[in-house]
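These two chains come separately, so use the hints to put the complex back together.
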Amino acid sequence: MKPEEIQKIAETEHDLRMAYKYRINVCCSSGCLPFGAQKLLKAFEDAVKELGLEKVCKVARTGCVGTCSVAPVVLIDPGNHLYQNVKPEDVKKIVQEHIINGRVLEECVYKNEAYFSKQYRLILRNAGKIDPLRIEDYIAVGGYSALAKALTHMTPEQVIYEISLSGLRGRGGAGFPTGQKWNFVAKSTAKPKYVVANLDEGDPGVFANRTLAEADPHAIVEGMVIAAYAVGAEKGFIYIRSEYPLAIQTLKKAIEQAKSYGLLGNNILGSTLNFDIELRLGAGAFVAGEETAILSSIEGLRATPRPRPPYPAVSGLWGKPTLVNNVETLANVPLIILNGGAWFSKIGTPKCTGTKCFSLTGKVKNPGLIEVPMGITLKEIVYEIGGGVPEGRKFKAVLVGGPSGGCLPENMLSLPIDYESLTQAGAIMGSGGIVVIDDESCIVDTARFFIDFCMDESCGKCVPCRAGIPKVKEILDKIMTGEGKVEDLNVLEDLSYLIRDASLCGLGQTAPNPVLTTLKYFKQEYLTHIVERKCPAGKCVLKKVEVIKE
Amino acid sequence: MSERIVKLIIDGKEVFAKPTDTILKAATDNGIYIPTLCYLEGLTPHGGCRLCVVEVKGNPKLMTSCTTPVSNNMEITTNSPKLVKYRKQIIELLLSERIHTCSVCVANGNCELQELASKFGVDHTSVSRNWERFELDMSHERFVLDHNRCILCTRCIRVCDEIEGVHTLDIKKRGKDSMIIVDLDEPWAASYSCTECGKCSAVCPVGAIYIKGKHLSETKKKELPEFIVRRRSR
Ligand SMILES: Cc1cc2nc3c(=O)[nH]c(=O)nc-3n(C[C@H](O)[C@H](O)[C@H](O)COP(=O)(O)O)c2cc1C
Ligand code: SF4
Ligand code: SF4
Ligand code: SF4
Ligand code: FES
Ligand code: FES
Numbered sequence: 001m002k003p004e005e006i007q008k009i010a011e012t013e014h015d016l017r018m019a020y021k022y023r024i025n026v027c028c029s030s031g032c033l034p035f036g037a038q039k040l041l042k043a044f045e046d047a048v049k050e051l052g053l054e055k056v057c058k059v060a061r062t063g064c065v066g067t068c069s070v071a072p073v074v075l076i077d078p079g080n081h082l083y084q085n086v087k088p089e090d091v092k093k094i095v096q097e098h099i100i101n102g103r104v105l106e107e108c109v110y111k112n113e114a115y116f117s118k119q120y121r122l123i124l125r126n127a128g129k130i131d132p133l134r135i136e137d138y139i140a141v142g143g144y145s146a147l148a149k150a151l152t153h154m155t156p157e158q159v160i161y162e163i164s165l166s167g168l169r170g171r172g173g174a175g176f177p178t179g180q181k182w183n184f185v186a187k188s189t190a191k192p193k194y195v196v197a198n199l200d201e202g203d204p205g206v207f208a209n210r211t212l213a214e215a216d217p218h219a220i221v222e223g224m225v226i227a228a229y230a231v232g233a234e235k236g237f238i239y240i241r242s243e244y245p246l247a248i249q250t251l252k253k254a255i256e257q258a259k260s261y262g263l264l265g266n267n268i269l270g271s272t273l274n275f276d277i278e279l280r281l282g283a284g285a286f287v288a289g290e291e292t293a294i295l296s297s298i299e300g301l302r303a304t305p306r307p308r309p310p311y312p313a314v315s316g317l318w319g320k321p322t323l324v325n326n327v328e329t330l331a332n333v334p335l336i337i338l339n340g341g342a343w344f345s346k347i348g349t350p351k352c353t354g355t356k357c358f359s360l361t362g363k364v365k366n367p368g369l370i371e372v373p374m375g376i377t378l379k380e381i382v383y384e385i386g387g388g389v390p391e392g393r394k395f396k397a398v399l400v401g402g403p404s405g406g407c408l409p410e411n412m413l414s415l416p417i418d419y420e421s422l423t424q425a426g427a428i429m430g431s432g433g434i435v436v437i438d439d440e441s442c443i444v445d446t447a448r449f450f451i452d453f454c455m456d457e458s459c460g461k462c463v464p465c466r467a468g469i470p471k472v473k474e475i476l477d478k479i480m481t482g483e484g485k486v487e488d489l490n491v492l493e494d495l496s497y498l499i500r501d502a503s504l505c506g507l508g509q510t511a512p513n514p515v516l517t518t519l520k521y522f523k524q525e526y527l528t529h530i531v532e533r534k535c536p537a538g539k540c541v542l543k544k545v546e547v548i549k550e
Numbered sequence: 001m002s003e004r005i006v007k008l009i010i011d012g013k014e015v016f017a018k019p020t021d022t023i024l025k026a027a028t029d030n031g032i033y034i035p036t037l038c039y040l041e042g043l044t045p046h047g048g049c050r051l052c053v054v055e056v057k058g059n060p061k062l063m064t065s066c067t068t069p070v071s072n073n074m075e076i077t078t079n080s081p082k083l084v085k086y087r088k089q090i091i092e093l094l095l096s097e098r099i100h101t102c103s104v105c106v107a108n109g110n111c112e113l114q115e116l117a118s119k120f121g122v123d124h125t126s127v128s129r130n131w132e133r134f135e136l137d138m139s140h141e142r143f144v145l146d147h148n149r150c151i152l153c154t155r156c157i158r159v160c161d162e163i164e165g166v167h168t169l170d171i172k173k174r175g176k177d178s179m180i181i182v183d184l185d186e187p188w189a190a191s192y193s194c195t196e197c198g199k200c201s202a203v204c205p206v207g208a209i210y211i212k213g214k215h216l217s218e219t220k221k222k223e224l225p226e227f228i229v230r231r232r233s234r
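Heads up: the protein sequence lines correspond to chains A and B, in order.
Under this note's numbering, the letters of the first sequence match residues 1 to 550, in that order.
Under this note's numbering, the letters of the second sequence match residues 1 to 234, in that order.
Derived from the structure by calculation, the hints contain no laboratory data.
We treat Cβ as the ideally placed atom computed from N, Cα and C, and that holds for glycine.
Check before you lean on any hint, since a few could be wrong.
[Said to hold, decoys possible] A short list of chain A residues far from chain B (calculated; beta carbon distances all over 10 Å):
#	residue
1	E54
2	L105
3	E107
4	F116
5	R121
6	V141
7	I248
8	K259
9	N266
10	E299
11	E410
12	D439
[Claimed, not checked] With a Cα cut of at most 25 Å, we get these calculated SDA-like pairs of lysine to any residue:
#	chain 1	residue 1	chain 2	residue 2
13	B	K82	A	L489
14	B	K82	A	D501
15	A	K235	A	A190
16	A	K473	B	T125
Excised from the complex, chain B in its bound form (with noise of 0.2 Å):
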């Protein structure tokens, strides 16, 4: 069977994709950007930062569009005002949910929020900033949680359950209080599951897990997921 083809327009731009694709795949491929944060490419699709929302004609709600499927004649605006403008008040809420000092923060200059920040011209909060803080993680000899950092976009978790298999991390408690933990929530020197692979500390998008001594340049490898699954599938 030759493979169908979806019609779609994003942006007032005539592009085709497979049917099976994304919207921001098919945006992707066509050149076209949206934001992502949650997103990685070779992980499942989460859908929690919103970033990545469009407008797809006829439907009243909005999209995101990583998790959201072509399909034929589809009408997609993908940076309408009103979405910019919801996109600067998320990397704001973002910003003010945990501490977020760059001058002081090892994932400065290798940080996707902090990069968004400024493609968006987001320089300040229209919100108050939180200022609570919470204690790092640092028992383990070679990994660090920062939780003051963390953005809960659970890519880590995803890549630990998905990829190396033995989901060491998960989520407690819910809402604003939802915290990274590890195992059953112990220490991360504790852990039984953890196979000290790092691969958590290769996606995370901040300056929340990371390796003891090395700097964030070295240890950030957004492809891996991505690769390891092109690899696995051949």
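Pulled out of the complex, with its shape left as it was, chain A reads as follows (with noise of 0.2 Å):
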């Protein structure tokens, strides 16, 4: 194919598109698949046939809306009118006036302004609004004009150098800026080179990537080529976890496409780029996510990091180049490239641009996947997008960045969203997993469940991570029963500073987070339950010790 043909699809596409006057898009997603997602298509389907309004109304399926917690959902466009918790007997009535009509069902529209509005969907861009399993789509919608322009207008070195511009860092949690790591797999000599989609996304609660994988796999197919071509590399992996089945259909469907579209495979797009992907399925182990990790489980070892350096722009897969990114990561590149590096600095801060999908959950009235422009408040998080706590409760701390992130306090919440603030703060932005906690929940318990998670994770072979974190564990537990002593916590403190500055792999690095967050910030509680032997949340149950009198 040459790129003129992509531009002539995209064309006859639009055209198709614009032939009808309304598509309504089912969600066929993750979350909304539970609830009868593939019933509700079909019932949409037989309505519209049954009332011979195949011509005006087209019913395609889609990826997540991105409002899960109202599931099942069906998005009507033109209007973008979002229906919520739609049900088979409804869908009838729903065409009959929406479509007949022309009569929007108020009652059964999602109202949440605010939900939308402090959002900024460039990542999800498609999603919702495209069918995931058609490449034709996702070409419709601009698709792969991003490839098609740096391979005809562009030299690798100007690709890199677009991606620098950008100020893109990696979205995979460390915030790594993304032009430099692909200059320095670019530098190497060595060859083959290798591209590698992380999307292992073990965190406990996250669902970002598997959410962009199944409802706009060819922006990752996309990225991918861009990168490939960028850096030098002639074949890719992704890396996905062997539980999200849906999310592996989807991307496995999006390659065979983009093979028969010469998208992928020798000479993409009449140029001289030779590049094929494969998917390779993890066993679900949250450390097979780190990018030294991710190369051993691929080679067929045990998923265990490796010391760096070497770092795996020198010395990656079979000890050549190979560049590791995440998803949502390559899913910005071809945006970057069609509108320029300068564009996309200018959204979010100057140090950290572009948006960051989160999974926002615990006790907010508006759980589901976001995606704000960096530099928005935790604030405007909770309170506006999330709607803050349910009625009857009170805010007591976020957890932002996943297991390893911190538990911040109410008085940090005007804290920005960047990767220094985060870190300053004793948080980390991760893979994007922010948890809202009321005051139901015990503080000491908090920390104890993310520091269980991080000790079962343990890959066992830097001694500070398996040794230290069940002694962490533990300590926690004489806390929780009334046990503790107060010197135990200075104990906690001193090994919560070993794990962190002396294991190998970020794991370790970042588990102690939550215990030394919240010893920083609700130190107090701590206190309470060693001291007063109370939990204030009247979570645990604390033994009662038989004072000796004298």
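Structural data, given as structure tokens:
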């Protein structure tokens, strides 16, 4: 295929889309599937046929719209009308009223201005708008035109220049400048080179990468091909956990379609670029998402991290230069190539550009997958987008950054979301998990919960993490059962510093964050457990001790 | 091409090294001591015990000297109070992770962990000790595998894989439940791949793999891997 043909497909598809007056997008992603999305899709197709509206109205399957808490969801365009909790028996009425009578059924529509108004959907630009199983849908909205532009009008150096100019930083957690990383791989002389897209997403309660793959798989594929062109790679792997069956299926299909269109394989779009993508399934270990563990796993070894240096950019898969990027990072790439790095650099803050997806969960009114510009405050996320904690409860803390994130109190809510501010506060960007905690939760219990997770997920390679985390948990257990002593807090802190500073990989290095931040911001609650032998949240059952009288 | 030499400063002392050297090698060659445990010359560095961590100026992270290559003008501190404290803590964690009662151990007096503990003055642990007992594998006519003393340094796995070339030993499970296994978790006597070379017992730093009826002072040979590698490359 030639670049011009992409343009032609885009035009034809666009005309096809325009031929319909209405488009009914039925979300069929993982959040809506368990609520009968597939049946709903069929019901809409049947209803449209029955009422003879096939020429006017297109019924399409789409990916997650971002309001999974009111699943199943149907989005009717034009006008972006989002119907919530749609039942098959409502379908006829919706079609009858909305399509035939042109009347929006306000009572069934999701009403929450704030939820969307503060969001900025770049990465999720196509989620809920296109059929993820049709490459033509992606091309119709401009897909693969960035690749065509890169291959025909840009040198690899220019591609890297634009990515650097954009200020894009890794969305996998560490926030490393993407352009710089690409440059390292491009400069490495050994061959062959590899591109690895990281879709391991092992954090509990985080589902942004899965959503992206289910809703817009070609954005990942296109980002990877552009990356391959920029760094000179011939082979790519998407590493995805096997617990994501729908995302796997969707990506498989996307790769097949891209191959059949000549967007993968030899001489991509008539250029000299040869690049292929293979899926690799992980067995669901959190640590397997660490960038060197992922390499071991792809090579068929135990997924344990390796010491760096050497960095993957120099010695990665089978000792060859390897680019490891998160899928969200990669999904930004086509946009940057199309609109220019300068355009992207104006979104967010100067040091932290673009947008970021967050999985907002816990005690908030509107949980869900959100995408916000960098620099937005936690307060806006929790109170405006999330709608605050449900009635009758009080906000206590927010955990930012997943299981090894930091637990921040109310007076830190004005903190802007960017890598530096979060790290300074003791939290991390991580993979974008935000959990809101209310006054019914015990802070010690919360810290213990996440430490327990990290203990189970430790690979066991290095001593501080393997042997240290269980001791941290033991002390927290003691405090929660009323056997804690004030001195234990010092041991807790000392152990946490060791684990943070001396562990081999990011799992151990960040695992103490929940403990360290709760000790910093909620020390009183620990002391109440230890000294007053009370749990303010009423969660912990503290053993009574007989006070021995002199 | 004449060999390039890099200059670096270790604990305030100017030293020279080959660019392919690790920090550990540069230090050792210049008489500067850095404690190690999982590292063994001749085997691929593992980076697991973290005893050898050092501070590198300008780098906020601690680096393991056994895995980090030197670079020109690097400034390294090997023994700050913080590093010493962390090393003590690591030794404490190792001693409390499994059952280490030296007085009744075959390795008493021939143990690298015990040696380090006394060198660093670790005579008690600030964390509680685990007393869970694992069954010994005594099935083999010559070898004993005692998980109760194992510190999971993987020296045995590496010597078996890299030097003997059979990869009989490996690890099962993960985290605190990690455990050395023979073949696919068979009793040692049932192993098909084990050549009974005994190299694992020669390099085990503690009393976790040893030979029945022999004193450890006779069977331990730390220099074995390095010796073989040197011989092979001639
Ligand atoms: C324990 C652990 C788990 C990780 N899991 C993931 C993951 O699931 N997905 C991911 O993209 N990065 C993960 N990372 C971060 C990667 O190591 C790496 O930084 C990232 O994939 C690089 O891509 P980026 O530069 O695009 O962010 C993890 C890191 C650690 C320490
Ligand atoms: S920090 Fe934990 S997960 Fe990472 S290498 Fe060490 S033991 Fe493994
Ligand atoms: S292995 Fe070493 S430290 Fe452990 S009990 Fe035996 S002699 Fe003591
Ligand atoms: S058996 Fe010995 S050599 Fe092997 S891992 Fe355990 S302590 Fe290390
Ligand atoms: S999965 Fe349907 S809205 Fe999220
Ligand atoms: S000796 Fe370097 S990590 Fe063990």
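Do the hints match the structure? See the list:
no., hint, in the structure
1, E54, "55 Å, holds"
2, L105, "52 Å, holds"
3, E107, "52 Å, holds"
4, F116, "39 Å, holds"
5, R121, "35 Å, holds"
6, V141, "43 Å, holds"
7, I248, "24 Å, holds"
8, K259, "36 Å, holds"
9, N266, "37 Å, holds"
10, E299, "14 Å, holds"
11, E410, "30 Å, holds"
12, D439, "32 Å, holds"
13, B:K82 to A:L489, "19 Å, holds"
14, B:K82 to A:D501, "10 Å, holds"
15, A:K235 to A:A190, "14 Å, holds"
16, A:K473 to B:T125, "17 Å, holds"
The structure is consistent with each of the numbered hints, conforming to all of them.
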